[in-house]
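Top line first, the protein sequences correspond to chains C and R.
In this text, residue positions in the first sequence follow my numbering: the first is 1, and each later residue adds one.
In this text, residue positions in the second sequence follow my numbering: the first is 1, and each later residue adds one.
Hints are computed from structural coordinates only; laboratory data are not their basis.
Values in this document were obtained by computation on a predicted structure and should not be read as measured data.
Heads up, a few of these hints could be off.
Said to hold, decoys possible - Cβ pair distances, simulated, as ranges:
#, chain 1, residue 1, chain 2, residue 2, range
1, C, 113, R, 160, 45 to 55 Å
2, R, 154, C, 171, 54 to 64 Å
3, R, 154, C, 20, 40 to 50 Å
4, R, 96, C, 2, 39 to 49 Å
5, R, 152, C, 112, 37 to 47 Å
6, R, 96, C, 120, 20 to 30 Å
7, C, 113, R, 122, 29 to 39 Å
To be verified - A few chain C residues that face chain R, going by a derived Cβ cut-off under 8 Å, partial list only:
#, residue
8, 16
9, 77
10, 78
11, 89
12, 138
13, 141
14, 243
15, 247
Backbone N, C-alpha and C define an ideal beta-carbon position, used for all residues, glycine too.
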Amino acid sequence: MELRDVGRRYGVRGRWVLRDVGLRVPGGTLLRIEGGNGSGKSTLLRLLAGVDAPSAGRITGRPRTAYVPERFPAALPLTALGYLTRLGRIHGLGRRAADRAARDWLERFGAGRYARTPLRELSKGTTQKVAVAQGLVGAPGLLVLDEAWTGLDGESRRVLDRAVLDRVADGGAVVFVDHDPRRLAGVCQAVHRVEGGRLVPAPAAPGPRVRVEAEGAGPLPDALPGDPDREPLPGAVRLTVAAADSDALLRALLTAAPPWHIRSVTAAPAPEEPHR
Amino acid sequence: MTALLRYQAALLLRSHRWLPPLMLYAVLLTIGVRPGEPVLDSFGLAAGLLLPVAAWLVRVCVTNEPDAAWDCAAAAAGPWRVHLAGILTALAASLALAAAGTAVVALISDPHGAGGRVAVPLGPAAGAGFVAAASCALLGTAVGALCNRPLLRSTARSVPATVLAVFLVLLPGGSPANAAVTELVSASRSGEVSWPLLPLAVAAVFAAGAAAVACALSSRR
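Same shape as in the complex, but just chain C (with noise of 0.2 Å):
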């Protein structure tokens, strides 16, 4: 999916909430949006979710879409369950394969015993189960989370967690605002901060590095996924990445000609966040 160009405003005459963004979330990317408040992070979401249309340039190639809102109000007359199970099928899924993912998605989030409760008699914090669910029931191929993290209990928000990484794995996007800086830190393809209306490049917080021992009979390729710090061992190579671009450095060794032999992957000791 890419954005060109894209600006929002609210009316004819109104200010620009965003202006001249361009951005492309190809697929298995996991992307965090920063922002102050009122910057235009949740403007750039429903864009991307496809909620609302922008005033100026183009939205090309979405998949389909998820949208988790920051508030969702459950004042709708339907079971969780019922709730669910309508998503999944709007997504495309078959009759049984919605019930089947509806239950599934409230099991893992530790809600299925409220499966027949109606929305509106849920607790606050089940309500964001059930709005988290239902962004995930249909697998979809780009994943907007506005805050969905908040309001859900510790047990919850890992799950939450493994989902996101487990959509991203499946080739999925996922793009997400969260008040936790240290939220998926280090498995983010990239961020993207917004500051006056506009879309910018920012640092990632330095997250969990890997390091991969592999020995070749060949010399290493030039370009390497995430770029390596690259130390010669006796007969084989070490190399430290960071743990996101890990999977593609690992198909980058294999498939290489001739190939090479993965000696050990290992977690690299972080030396400026001791303890996660």
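With the hints as your guide, set chain R onto chain C.
For chain R alone, coordinates are given in the frame of chain C:
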């Protein structure tokens, strides 16, 4: 689209927000249609009364979800499809009312023309009555589509605009609703039943156009 229609229909049925428009229609019919009156006149009246009810049903359907829930469905299926599903659900409910109203009028009215001398065949007359009611349902749907979100968002504008538009569509001689009703009334005088198909076609074109405009704007807010 089927999944969206089911979703919207479930929201409409379970929210019970269809009850007030239904009650309005029932009350208007009770006041306006007397048992034993000429059947075609009563069909004309029942059709005309359906128009504001159909407009109200569109309002119910396109404002049934809280914004955030609408956003979730819109992300999954596209805003215009979600909006179209709401309008179509309202139209289906209006057409159900048209059928029910036609059946009630057919049961309680006198199958004679105005003056009570010419016998009117009940089957074709009921057909003509339903076609007229369907025309009014389509026009009411068009009014509802143009007088609610995304074109008019606040209740303070939407409701007065709807009432004004209902009168503008119902009363002038050239409007399809008026033409359909007039055709029934004149058939009642002559005793020759004809289906008001031209008004139906024009009403369908209006409804399609109004829905297209509303859906095209549905992602703008």
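Under the criterion of a CB-CB separation shorter than 8 Å, is residue 247 of chain C in contact with chain R as hinted?
violated, 28 Å
Verdict for residue 154 of chain R, residue 20 of chain C (Cβ pair) under range 40 to 50 Å:
Hint violated: Cβ distance 32 Å, outside 40 to 50 Å.
Would you check whether residue 78 of chain C satisfies its interface hint, that is, whether its CB is within less than 8 Å of any CB in chain R?
holds, 7 Å
Is the distance from the Cβ of residue 113 of chain C to the Cβ of residue 160 of chain R consistent with 45 to 55 Å?
holds, 47 Å
Lying within 39 to 49 Å: is that true of the beta-carbon distance residue 96 of chain R to residue 2 of chain C?
Given range 39 to 49 Å: holds, Cβ gap about 45 Å.
Close enough to count: is the Cβ of residue 138 of chain C nearer than 8 Å to one in chain R?
Holds, because the Cβ-Cβ distance from residue 138 of chain C to chain R comes to roughly 6 Å (cut-off 8 Å).
Take a look at whether the Cβ-Cβ distance between residue 96 of chain R and residue 120 of chain C falls inside 20 to 30 Å.
Once the Cβ atoms are compared, 27 Å apart, the range 20 to 30 Å for residue 120 of chain C and residue 96 of chain R holds.
Range hint 37 to 47 Å: satisfied by the CB atoms of residue 152 of chain R and residue 112 of chain C?
holds, 43 Å
Checking hints one by one. Is residue 243 of chain C an interface residue toward chain R, by the C-beta closer than 8 Å rule?
violated, 29 Å
When the least beta-carbon distance from residue 77 of chain C to chain R is tested against 8 Å, hint result
holds, 4 Å
Range hint 29 to 39 Å: satisfied by the CB atoms of residue 113 of chain C and residue 122 of chain R?
violated, 56 Å
Closest C-beta approach of residue 16 of chain C to chain R relative to 8 Å, hint status:
Because about 16 Å separates residue 16 of chain C from the closest Cβ in chain R, which is outside the 8 Å limit, the hint is violated.
Going through the hint list in order, the structure does not satisfy hints 2, 3, 7, 8, 13, 14 and 15.
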